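These protein sequences, in sequence, are chains U and H.
Under the working numbering, residue 366 is the last one in the first sequence; the count climbs by one each step, no gaps.
Under the working numbering, residue 366 is the last one in the second sequence; the count climbs by one each step, no gaps.
Read the hints as simulated data drawn from the structure, not as lab findings.
Don't take every hint at face value.
Any copy, or any two copies together, can satisfy a pair, since identical chains are not distinguished.
As the list claims (entries may be wrong) - Under the rule of at most 27 Å between Cα atoms (straight-line distance), these lysine-lysine pairs were calculated in the DSSO-like manner:
#1 LYS339 / LYS264
#2 LYS162 / LYS45
#3 LYS77 / LYS146
#4 LYS284 / LYS333
#5 LYS34 / LYS339
#6 LYS146 / LYS264
#7 LYS326 / LYS146
#8 LYS351 / LYS34
The structure displayed is predicted, hence computed values, not measured ones.
Next come the chains, spelled out residue by residue.
2 protein chains.
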Amino acid sequence: MDKFITLNHGSGGKLTGELIRDVFAGRFGLSDPLTDSAILEKSGFKMAFTTDSYVVDPLFFPGGNIGKLAVCGTINDLSVSGALPVYLSAAFIIEEGFLLNDLIRIADSMAEEAKTAGVRIVTGDTKVVEKGKCDGLYITTSGFGYLRTGYEQISSAQNVREGDRLLISGPVGNHSVAVMGARKKLSFSTPVESDVASLNHLIGKVLDRSREIHFMRDLTRGGLATVLNELCKMTGMGIEINESCVPVEEPVKGLCEILGFDPLYLANEGKALIVTGEKDYEEVLEVLKSDILGKQASVIGKVKDDRKQMVVMNTSIGGKRILDLHSGMQLPRIC
Amino acid sequence: MDKFITLNHGSGGKLTGELIRDVFAGRFGLSDPLTDSAILEKSGFKMAFTTDSYVVDPLFFPGGNIGKLAVCGTINDLSVSGALPVYLSAAFIIEEGFLLNDLIRIADSMAEEAKTAGVRIVTGDTKVVEKGKCDGLYITTSGFGYLRTGYEQISSAQNVREGDRLLISGPVGNHSVAVMGARKKLSFSTPVESDVASLNHLIGKVLDRSREIHFMRDLTRGGLATVLNELCKMTGMGIEINESCVPVEEPVKGLCEILGFDPLYLANEGKALIVTGEKDYEEVLEVLKSDILGKQASVIGKVKDDRKQMVVMNTSIGGKRILDLHSGMQLPRIC
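Please model the complete structure; the sequences and the hints are all you need to start from.
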């Protein structure tokens, strides 16, 4: 029987993982298809290389736009891979009839974000497709960075041990709720802004301070819960987190309740999970909190020896809940 | 007055150049926005980095498909920049409802082409958009290569001198005619196959043999005529070519006549312009002809001291014709 691609294949959940494994990973010889960046080496000189397409709908939302998102997203993928982001490329697929001034606004915010983050956009491409063959604008950014010495294994989570602490750099759910609010189809508008931000400086500070950072990942498609599940799979261990320790801002919480969304599964664009050794976590928390992008950072739980590789959450009302990998999606085109 | 993006902005001609210069180059600080790759340096170690989105319609055409095109195109951009292509990324934007088996066929040919060319696809991304928000599939490939020593200036044409010879690696127009033929709207089908091919090995042989290669460029969007005009602009000199020396295969010629297209402006996906010093051109021609991808290579003309920076063609019937830069396009979505 013929099989077709569904929106769920793009959700960042189980089906996305299956698609990548079944269609691409084997054919392309990707050893670690679900990490954020490929790690390359040439005569002892190590680099990270990553790519992402951005198809967010709408293109402009409170706190950012597709251009800022594309720059931050690629910077963050490199950063959590232990690399110093240096160069970006940007490829634009534009729909015929797109307003030139909107393209200029988007390019402006890409340039501004790149400047703030200290990276350079060095190459690009522009294609135009007929009206109706794209939704305004899609941007694909690729990024290239120099790997920090000693962080070759950080994406693979090989150094994660039982008892390691899990920290997140701030509250979750803001990006998804901001984008939802901006979607015309939904009749509310929220005071919530996207958290889209480049995390390279924040992560740099953390890595400068601690030699015990064992894993990092930005909390994009699929959100915190998906990243925690992937971490269990990679380590063969379990995770225990405390619901009351996971920061969620009040307006985000309220809107999630109304709409039936779970903020733990919502995409963020300026948040990272950081796994540290037991001894270092308080110092790492302090470093995070000293930066504007990490001031609401929180220790949310720890790594447990659990062969079932489950993510268990102690709920606020005293129960336990298993956070599974969703096969489908909550929200299409959130990034 | 509001200005809008038109299909002509994506044609690779004058308007594409203007869009890149006016919207992107200044904001992003691109020093050389129209070259194929950015040249990067880190403590004496030089690299080339490039990106391209592929939106070809239809996705499958005689001689190839969008996947093969995306791999070859990025390999060729690196190769003509004097780099050895090593790593590729591939980002997929897929329309909901896309046939999984078609995606597999495309991934298969990407893997096969990468293997033939000796490059590795090391990282990727998958996004899915709703039905009607994309035309089946768009692919963005980025590529990374090591720059050969001594070729830092090749993309900028700084070493081009009066009297330098212009060679092309084979007949022009095949890719565009093959894609046109495959488009359902047109009621002919042709025996013409796309020339889509990775040129890295061919160009490697040329660079191994000659130290007098002054410029290279693949003849994609805008075709030979557009590349020649860009070369004039970069060097401040003129170009003279002979129409009878530019190979065009008979079926391509015939279809161009019927449809009113000029093969000199049609996109190719496996052809390069190579500019050599006067002394070396015969040897370079021999090297090209010894390879299956260059067996119809030809010396088409030379660089002239002409401050008007014009491309003048001696026509087959004994006249002269100026090859201008087209502001618009012949064919949308050819790559």
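If the cut is 27 Å between Cα atoms, do LYS162 and LYS45 qualify within a copy, between copies, both or neither?
between (33 Å within a copy, 21 Å between copies)
Using 27 Å as the alpha carbon limit, work out where LYS34 and LYS339 are close: within a copy, between copies, both or neither.
neither (31 Å within a copy, 58 Å between copies)
First find the shortest C-alpha distance between LYS339 and LYS264 inside one copy, then the shortest across copies, and answer within, between, both or neither for a cut-off of 27 Å.
The answer is within: 9 Å in one copy meets 27 Å, while 65 Å across copies does not.
LYS326 and LYS146: within-copy, between-copy, both or neither at 27 Å Cα
For LYS326 and LYS146, the Cα distance is within 27 Å only inside one copy (23 Å; across copies 48 Å).
When Cα atoms must be at most 27 Å apart, do LYS146 and LYS264 count as within-copy, between-copy, both, or neither?
neither (37 Å within a copy, 30 Å between copies)
Check LYS351 against LYS34 for me: Cα-Cα at most 27 Å, and say if that holds within a copy, between copies, both or neither.
neither (37 Å within a copy, 57 Å between copies)
When no copy is named, should LYS284 and LYS333 be tagged within, between, both, or neither for a Cα gap of at most 27 Å?
Only inside one copy: LYS284 and LYS333 sit 24 Å apart there, 69 Å across copies, limit 27 Å.
When no copy is named, should LYS77 and LYS146 be tagged within, between, both, or neither for a Cα gap of at most 27 Å?
Both. Shortest intra-copy (24 Å) and inter-copy (23 Å) distances satisfy the 27 Å Cα cut-off.
Violated hints, listed in ascending order, are 5, 6 and 8; each of the other numbered hints is respected by the structure.
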